[in-house]
Every structure is written in C-alpha cells, then in structure tokens.
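The sequence shown begins at 896 in my numbering and counts up by one.
Hints in this document: simulated from the structure, not taken from any laboratory.
Since the structure is predicted, the reported quantities are computational estimates derived from the model, not experimental observations.
Pair ranges (Cβ atoms, derived):
1) E1431 - I1241: 47 to 57 Å
2) D1461 - P1272: 36 to 46 Å
3) E1472 - K1207: 36 to 46 Å
Where a beta carbon is used, it is the ideal one built from N, C-alpha and C, also for glycine.
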Amino acid sequence: MKKTINTALLYRRIFLLIYDIAAVFASSVMALWMRYEFVYKDIDPVFLDSIYSFMPITMLITVVVFEVLRLYNSLWAFASVNELQNIVAACGVTAALNGLGLMIAGKPVPRSYYFMFVFLQIAFTFASRFSYRFLRSLRQKGRKKERMTNIMIIGAGEAANLIIKDIINSRYTHMQIKCLIDDDVNKHGKFIQGIKIIGGRDKIKEAVDTYSIDEIFIAMPSVSRSEISKIIDICKDTTCKLRTLPGMYQLVNGEVNVSKLKDVDVEDLLGRDPIVVDIDSILGYVQGRCVLVTGGGGSIGSELCRQIAGHKPSCLIIVDIYENNAYDIQQELLRNHPELNLVVLIGSVRNTKRMYTIFEKYRPDIVYHAAAHKHVPLMEDSPNEAVKNNVMGTFKTAQAAAFFGTKKFVLISTDKAVNPTNIMGASKRICEMIVQVFNRHYDTEFVAVRFGNVLGSNGSVIPLFKKQIAAGGPVTVTHPDIIRYFMTIPEAVSLVLQAGAYAKGGEIFVLDMGKPVKILDLAKNLIRLSGYKVDEDIKIEFTGLRPGEKLYEELLMDEEGLQNTDNELIHIGKPIEMDESLFFRQLRNLEVASRDESNDIKGLIKEIVPTYNPKGEQE
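Produce the complete structure using the sequences and hints provided.
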C-alpha cells in the first residue's frame, strides 16, 4: 500500500530547515558583531573570512545534528521541557563541532565567538519552535470564537460510521470531523463518508497538531478497558477534550450517535478490565429471596439495589435514614423494574426497636449492611457518632439478623480497617470483629467484604476534583505522594454480591485491586481529560494530610493469611483469634462511653483494636 504523505508536515519541516540555515548565518555574523560592540566595520577581516569560508560546513553540521536529535520531527504544538533540553543539547553539540572544525581548518576567530554563537543559535532555534506553540494557541482561541470544533475519531468501525453520519446530517453543525485513526493498517489511506483514515494510534499527536483538533471521540465500544487506557494515555497529552462510547451494547441496540458519547472518566485510566463475576451463582442465592439493604440510598447501597433488582428477588427492602436518597433510588427502581416487590423504609440502624420491627415483619433471607459514616475527617471530629452509627449500628443490625433467622449477612468494610490511623477505619475494624464473633454463635452466615476507594462515590476525590475544575480550580491534593487503591462502584458491588455466593461464614473477602494509584496523577489526568493544561489553566495545590489520613492504605492485616476463591481477584482473609468475653465487655464500655459523649473514646477504641494508631503517618 502506498504511504500517504502529510504535506502540511512536510512543508513545516522544509520551513524549519531553511530557517535553521539562515539562523546559522545570522548567529555566526552576529557573534562577531557583538564581539566588536555592534560596529561591523571594526571586525577583523581575517575573522570574517574564517566564518564565511567555513559557513557551508557549519550549516551542514547544524542540519545533521538537528536531524539526529529529532528537532525536525517533534510536535512543537506540544513542546515542553524535553524539547527545550533537546534544543540546548543540539545547539551545544553544533557549536562544539563548529569550533573543532574551525581549529582543525586553521580558521582563527575570537575566543568569545564560540560562547556568543551557541547563545544566539539557542535563541533563534527556541524562537522558531516555541513560537509555533504560541501562534497555534492564538489560532485556537480565534477558532473557538467562531464556535467551530474540529473532531478526530479513534476507531474506524461501524460505531465511527454512525457518529459521522449523525454529524453530517446537521444535528451537530458546530462540529467538523477532520480525520480518523485506526490501528488496522489495511484501513490506512481509505475513507469513511469522505473522512480519511490517516493511520494508527502513533499518528494521534501528529494529527492533533496538523488538523488543529479540539475534541477526540473514542468510538471503540468492543475494545477492552486496558486498551482504551493506553489510547487515553496518548490523548491526554494533547489538551483535547476526550469523549467515548459507554459500551458495546450501544452498537448492538443501534443507539450510537453523538448524544450517546460521554466524557472520558478517570476510571478509564485504571488500565484494567472490570471484574467479572459468576452471574449464575449470584442468581442462585438472590433469586426468589427476600433481600434487605441498609444504607440503600448511598453510593454502594444504591448500586447494590440496582443489581439485586435485576436478579429477581422475591422482595427488596431498602432501609435508609436519609429520605431524599431513599426516594431517588425508589423512583429509579420502580421505573426500571415495575414488577419488583419493593419496600422502602426510613429508619436508623442505631434504633434497636426499629430494626427489630423491620426484621420481624419482613424476615429477610439476605442482608447487605452498607449503612455507615465513612467520611474520615468528619469522623475524627465526631468520634462518638462514628461509634454509635458504625459499631453499634452494625451490632444491632447483626443481632436482629441472627435473632430472626437471616441466612446471610454481608458487611461492607474498607481497607481503612487495616492498621487504622483514623476513627472511621478503627470503627469498621470493630465491625469486622463483630460479624466474626457472631458467626461463631449463630446459624446466620456472617461475612465482611473489604475493598478500597470507590471512584465516584459520595465523598470521594473524583466528584470533588470535578467541582473544583468546573469552578476554574485550584484542584486540592493533600500530599504529592499519597496513593490509594481504586475500583468502580459496579466492581465493588460485584465483589459484594460474589462474596455472598462464596460465603460459608466468618470470612473477610478482599479484592486484589492491582497497583495503587497516586492521587496526584488522578488530579492531573482529570484536568487533562477536561481539556485543560495542568498548572496553566488549572492549578494543583497541596493542602497537607487531613486528620486521620494515611499516605497509603492496606488491604490485609499482617496476621491475616490469604486463601484463593474461584475468582482470581477475590481472596479470603483468615479470621483473627480473640478473647470473646473480653471483646463484649469492651464493646459494652464503648457503647456507654459513646452515649455519654466521652472524651476518652479513642482510648477505648485502642483497647479493642491494638493496631489503631491515631497519630498515623503525618509525614
């Protein structure tokens, strides 16, 4: 197949070549001119003869060195510190070779000539490369005023064809599709509805520069998230706004158009495919069962309700203390599952009588306990409330489940329960201990599911970052080195559901979440994905670790072992042995102290959870 020549890029390289030759001449003459205090007639004719006679060789040296160091191949619209370093290096090498050549050829020049030459050449070269970035920026601003948006589509399949058709049919007249990208070499040089496929992903940055692209559409609904992540990693350095199709089902259902595109989420950068669960095993224990979800209006609780509703329970009971959250998920489920036997109740897990009344009336077979206070800094300021809601709420709900014959009880826990440095994490560790003790004494299968931070959940960093970006910044990060494990809300819920299927009682299920993610990288990526430049359009500020906050989170305590399950990403932590009678006495003391608004609540928690370190890692 004949290779397509990018004429715009070719012309630009020819221009730079001619400019650099002219810059060599100017630098050579001006170096002598500066040496003689800007009086040309005072320059020694011998020196002029030296530089003029050696000029062709100097020009040749410059062009060769610049080519070797890729000064004709870089995309100067995206020039950065790396390109500046290349310029300095190229000019330095050129000056050194020029000086060596003059000495070998016996061409005398003033000693100061060499320093002035390299200085001037760096200045001329810098001006030619970085001025393009400046001019392109002005051109983009002018085009934005005209309200025209240049589009690149990645993926040259049926999805791209439908998007092109949608735009051409004048529904989105402010958009112009400039080019297509696809890794299939057999498609390169061909056209879809008049739009050329110019190459693979290696051409993305070049095409953004050549065609002045404003937005990139990723139309690859069947490609894995890991591949999408690689493509986004290339695109995010272009400052273009990115949008993508949600998934393959859109193509199957014929729903592909511009309106179905969504902004690229940070979750697309995690670089791994979603967790796959055994749907049949979930159906086996949810279908036809009465299921109760506490905290059913929250981020995790509401997603649990959505997935459970699709698995045909005999009854779904939502318990939440916040009426607005409960109402929202109620209306959504009634709209999407009109056949569902849905009960929505307002109540607190802290209310013993209320919980016993609910369990007595509905006799749930399965309970997912997602109700909890989870905001770390707020719980540091209100530790007694964390104990009342998280610890005692779990105790009372578990007690009601055991008393009324619930078959499975699944506690939603957190990685912050491991070697906790904050009240929230320590309270969740006590919750894990409660369900493990209850499992030894009741027929109910009590288990806990522990996972890391959930992208997009209430109180997580992503919604906060998005609000800060929308407000023009700054984006606040507590510490440049802080890291977290992340998963999506559907992944977290899939894990919880799968744990219920695996549960035999007493386990702490742990997700293998891969490599942790730097919060700073998340912030930078989200800024770039929003079409802004980090520290130019949107600044990042470091605010310091919050009370109780760790630099990193752990998923397992040292004394816990790991057992595998049928899902290679789900593991089981071995229960820790404990003195149960002592534990219950301590728990009683903790309840009394929290009710009395004790100032010594952290000390009592420390007695129950020896690994609790209130000081944390305040580095």
